[in-house]
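Engineer: Sequence lines, in order, name chains Z and X. The first sequence runs 1 to 426 under our numbering. The second sequence runs 427 to 774 under our numbering.
Since the hints were made in silico from the structure, they are not lab data. Just so it is clear, the structure is predicted and the values come from calculations on it, not from any experiment. Hints should not be assumed to be uniformly reliable.
Not the full set, but computed from the structure, chain Z residues with beta-carbon under 10 Å of chain X [claimed, not checked]:
1. R72
2. A295
3. N301
4. V392
Note that CB positions come from ideal geometry on N, CA and C, so glycine has one too.
Single-letter residue listing:
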Amino acid sequence: MLSGAALWDAVWRRPAAAASPAAPRVGFIAHVGSAQSLPRSPAGLEVAGYAGLLGARAGAEEMGTTAQLVGREFDVSVATATSPAAAVRAAGRLVAVEGVFAIAGGYGAETALALSEFAERQRVVFVNVGASDAMYLDALADWFTRGLAFLVDEDAPQGVRIIRRAPTRRWFLVAAGSPIWQARRLRAHAALERRHWGGRIVGDAVMDAATGQVRDILRAIEQARPDLVFLLLGPDAQLSFMKQYETAGLRFEVSCFPEPLTQTRVFLAALLAAAPRSAGGSIRAVLWDPAVRFAGALELNSRFAARWKHPLDGPAWAAWCAIKILGEVALRAQTTDPAQVVRYLESDRAVLDGHKGIVLTFRRWDHQLRQPLEMVRLQRDSGDLLGAAEPVGGIPNVNAPGRDPRQVLDQLGDLAPESTCRFSIT
Amino acid sequence: MQRRGLARSRRGARFSAAAAAVLVASMPISAGPAAGASGPRLYVSNEFGGSLTVIDAAGGRVVGTIPIGPAGTARPRGMALSPDGSTVYVAVTDPWPNRRESPYKFIWVVDAGTGKVQAKYPCGSDPERLAVTPDGRSLYCSNEDNVTATVFDLGTGKVIAAIPVGIEPEGVGVSPDGRWVYVTAETSNTVTVIDTATRRPIKNLLVGERPRVVVFAPNGARAYASAETAGTLSVIDPARHEVIQTIELGRDSKPVGVAVAPDSTRVYVVGGRCNCLFVIDASRGAIIATVTQKMGRRPWGVVVAPDGKKIYTANGRSDDVSVVDAATLRVIATIPAGRGAHSVVVGH
Numbered sequence: 001m002l003s004g005a006a007l008w009d010a011v012w013r014r015p016a017a018a019a020s021p022a023a024p025r026v027g028f029i030a031h032v033g034s035a036q037s038l039p040r041s042p043a044g045l046e047v048a049g050y051a052g053l054l055g056a057r058a059g060a061e062e063m064g065t066t067a068q069l070v071g072r073e074f075d076v077s078v079a080t081a082t083s084p085a086a087a088v089r090a091a092g093r094l095v096a097v098e099g100v101f102a103i104a105g106g107y108g109a110e111t112a113l114a115l116s117e118f119a120e121r122q123r124v125v126f127v128n129v130g131a132s133d134a135m136y137l138d139a140l141a142d143w144f145t146r147g148l149a150f151l152v153d154e155d156a157p158q159g160v161r162i163i164r165r166a167p168t169r170r171w172f173l174v175a176a177g178s179p180i181w182q183a184r185r186l187r188a189h190a191a192l193e194r195r196h197w198g199g200r201i202v203g204d205a206v207m208d209a210a211t212g213q214v215r216d217i218l219r220a221i222e223q224a225r226p227d228l229v230f231l232l233l234g235p236d237a238q239l240s241f242m243k244q245y246e247t248a249g250l251r252f253e254v255s256c257f258p259e260p261l262t263q264t265r266v267f268l269a270a271l272l273a274a275a276p277r278s279a280g281g282s283i284r285a286v287l288w289d290p291a292v293r294f295a296g297a298l299e300l301n302s303r304f305a306a307r308w309k310h311p312l313d314g315p316a317w318a319a320w321c322a323i324k325i326l327g328e329v330a331l332r333a334q335t336t337d338p339a340q341v342v343r344y345l346e347s348d349r350a351v352l353d354g355h356k357g358i359v360l361t362f363r364r365w366d367h368q369l370r371q372p373l374e375m376v377r378l379q380r381d382s383g384d385l386l387g388a389a390e391p392v393g394g395i396p397n398v399n400a401p402g403r404d405p406r407q408v409l410d411q412l413g414d415l416a417p418e419s420t421c422r423f424s425i426t
Numbered sequence: 427m428q429r430r431g432l433a434r435s436r437r438g439a440r441f442s443a444a445a446a447a448v449l450v451a452s453m454p455i456s457a458g459p460a461a462g463a464s465g466p467r468l469y470v471s472n473e474f475g476g477s478l479t480v481i482d483a484a485g486g487r488v489v490g491t492i493p494i495g496p497a498g499t500a501r502p503r504g505m506a507l508s509p510d511g512s513t514v515y516v517a518v519t520d521p522w523p524n525r526r527e528s529p530y531k532f533i534w535v536v537d538a539g540t541g542k543v544q545a546k547y548p549c550g551s552d553p554e555r556l557a558v559t560p561d562g563r564s565l566y567c568s569n570e571d572n573v574t575a576t577v578f579d580l581g582t583g584k585v586i587a588a589i590p591v592g593i594e595p596e597g598v599g600v601s602p603d604g605r606w607v608y609v610t611a612e613t614s615n616t617v618t619v620i621d622t623a624t625r626r627p628i629k630n631l632l633v634g635e636r637p638r639v640v641v642f643a644p645n646g647a648r649a650y651a652s653a654e655t656a657g658t659l660s661v662i663d664p665a666r667h668e669v670i671q672t673i674e675l676g677r678d679s680k681p682v683g684v685a686v687a688p689d690s691t692r693v694y695v696v697g698g699r700c701n702c703l704f705v706i707d708a709s710r711g712a713i714i715a716t717v718t719q720k721m722g723r724r725p726w727g728v729v730v731a732p733d734g735k736k737i738y739t740a741n742g743r744s745d746d747v748s749v750v751d752a753a754t755l756r757v758i759a760t761i762p763a764g765r766g767a768h769s770v771v772v773g774h
């Protein structure tokens with residue numbers, strides 16, 4: 001069990017007080033092996049899982065400390081699992097033995113689906129921080145509708161257009177053939193049309209996962225001459241594509257759908273190693289970047305890096321923020337009833353601070369966390385993980401005065417009429 | 427995990443415990459305040475300009491610039507004046523919170539008359555804001571990178587205590603009788619109450635999300651803490667150390683600076699995102715006006731003139747100071763400052 005009181009005890013110099021059995025407690029299921037260390041493969045889901053584990057630990061320390069500061073308790077229990085079945089078993093233990101009122105985790109679509117179904121059976125809150133497959137599964141499997149989620153969506157390429165401050169009107173999509181990536185591809189089409197950003201799709205190809213060959217796709221890209229090639233590919237496929245793209249000598253800018261793993265500094269460094277010319281200078285959307293400096297981000301990033309010897313990348317931030325949000329519920333709403341937790345989080349009373357310079361809230365119609373995306377530019381010859389990318393802005397602009405933060409952030413994601421979510425809390 | 431956290435904290439504690447004033451006998455000043463200015467002076471910290479701007483409040487003109495360090499590297503932020511107005515204390519940091527060795531990360535002690543730097547006091551690796559007790563004997567500063575507030579004996583310049591507070595401490599306010607010091611913490615969303623007699627924390631209050639500045643009313647009856655993310659102002663009863671009211675300023679307001687009129691009847695709060703000045707009736711805890719016309723961009727600092735007739739805001743994106751007439755509640759002048767105007771204090 002992870003004690004959330006470590007920071008408090010370190011500073012106040014008294015023995016760690018174990019949280020009482022009655023303490024509000026949440027569970028975090030980390031997608032890591034028993035060694036709980038950074039894996040060697042940059043494309044393994046454990047890279048995101050490890051970052052998430054550190055983020056959850058940071059959140060546990062900070063919220064445990066905060067709770068004790070005001071005479072309350074809050075604790076986080078951590079379990080590890082690398083398969084959907086193991087995640088469900090771990091969740092079962094967390095609920096039965098530790099008495100958690102919420103579970104965060106869900107790395108990979110299958111695990112997120114399994115945990116979501118478990119959460120519905122057991123009447124606990126599930127917060128998905130590891131699988132950005134919500135919309136697809138809303139439509140086809142209805143699993144994600146049983147929990148709260150952190151938004152990463154197909155509007156990401158618009159950020160590239162904005163940050164470049166140059167015309168990005170011609171898009172070429174390269175998607176994997178699996179149903180989930182094809183669903184994302186359709187959403188990317190819809191996002192482009194719905195938002196009226198002036199872009200159009202001039203090419204749309206499917207990458208054969210079996211062969212990994214993209215010769216025909218590269219030829220099509222060359223003929224289409226797009227402003228941006230947008231990859232809807234998993235981590236391995238991205239690396240493979242980029243290597244071949246580099247070899248072919250094409251110069252069109254490439255960006256990608258920001259899956260959690262592909263937001264990590266470890267993956268970005270691997271991408272730069274695989275295709276230094278093509279990846280260097282390209283712009284990507286991430287939930288969070290360890291070099292962001294505004295609105296308390298500098299302090300958070302510095303604190304995290306010093307404490308955990310790891311950059312606070314997208315997955316680490318998502319886990320930290322999820323624990324912080326659940327801790328805030330325990331402190332301010334003072335309830336662990338799942339329905340009341342969700343109602344509180346989606347009410348006007350919930351003010352969630354993710355160090356992003358704008359208040360974060362949950363949408364009532366699809367239960368997604370409203371939040372801006374950070375945009376980063378990949379850096380060649382960076383020398384270290386932190387230098388592999390630099391922040392170059394964010395979408396939407398959170399500094400523009402005069403509008404309700406919810407309206408600002410609803411520029412990303414589905415609006416209520418478009419939502420297919422059927423989750424209800426009763 | 428606990429052992430690692432403990433080791434880090436102890437290193438910080440040793441650093442603080444061993445701290446002593448670093449005397450700077452002959453710090454070169456390229457452009458101190460001009461002689462001959464009369465009336466109260468305003469001191470504006472320019473976070474990205476690496477300097478302080480000195481303004482003759484009566485004349486509404488800049489009378490000097492006190493350099494702190496290179497623009498973009500030396501970041502002067504929170505300030506406080508000695509009770510007699512002779513000394514300006516400035517919390518200075520740099521862009522690298524994790525670097526402990528820095529020529530800038532100190533509380534800088536500046537002679538208000540000459541602009542000369544008299545000493546530098548260490549306050550951890552990221553000092554942000556500070557307050558001086560009414561008797562002028564002690565200075566409390568927040569170390570944003572740690573979970574402590576450091577206390578200095580201003581007679582000796584020595585650290586006399588490091589007090590645990592909330593996570594990412596920021597605002598520091600001292601009660602008019604010097605009995606209590608309140609310290610906000612941006613991540614834990616708390617205000618820590620410190621008993622200055624024992625120099626120990628006695629209570630922590632949960633306030634709005636991302637609390638920034640906390641100040642006491644001159645009559646000591648209330649304290650006020652802004653919450654930037656929540657867009658609120660928490661009203662605290664210092665007799666009980668309890669939040670008795672939360673005033674909604676709007677989710678898009680991003681309030682930071684707070685100042686109270688000399689007669690304690692009004693509270694002024696600046697909103698960094700709405701580019702506005704909220705005027706609050708202290709007796710009712712209600713907003714009575716919101717000044718927006720001609721306001722500078724991203725006002726963060728605010729101070730009231732000793733006679734209560736003018737309010738000054740430090741505006742970080744327009745690099746200037748807005749002067750607001752307290753009677754008409756209109757912006758009556760704009761005075762240029764340096765890059766990233768952060769805080770403003772008024773002297774004698």
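Engineer: Given A295(Z) as an interface hint, is the shortest Cβ-Cβ distance to chain X below 10 Å?
Structural biologist: Nearest chain X Cβ about 8 Å off; hint holds.
Engineer: Could you check if R72(Z) really has its C-beta closer than 10 Å to a C-beta on chain X?
Structural biologist: holds (9 Å)
Engineer: Does V392(Z) pass the interface check with chain X, least Cβ-Cβ distance below 10 Å?
Structural biologist: Violated: closest Cβ of chain X sits about 17 Å from V392(Z), beyond 10 Å.
Engineer: Was the hint right that N301(Z) lines chain X, CB cutoff 10 Å?
Structural biologist: Because about 9 Å separates N301(Z) from the closest Cβ in chain X, which is inside the 10 Å limit, the hint holds.
Violated hint: 4 only; the structure is consistent with all others.
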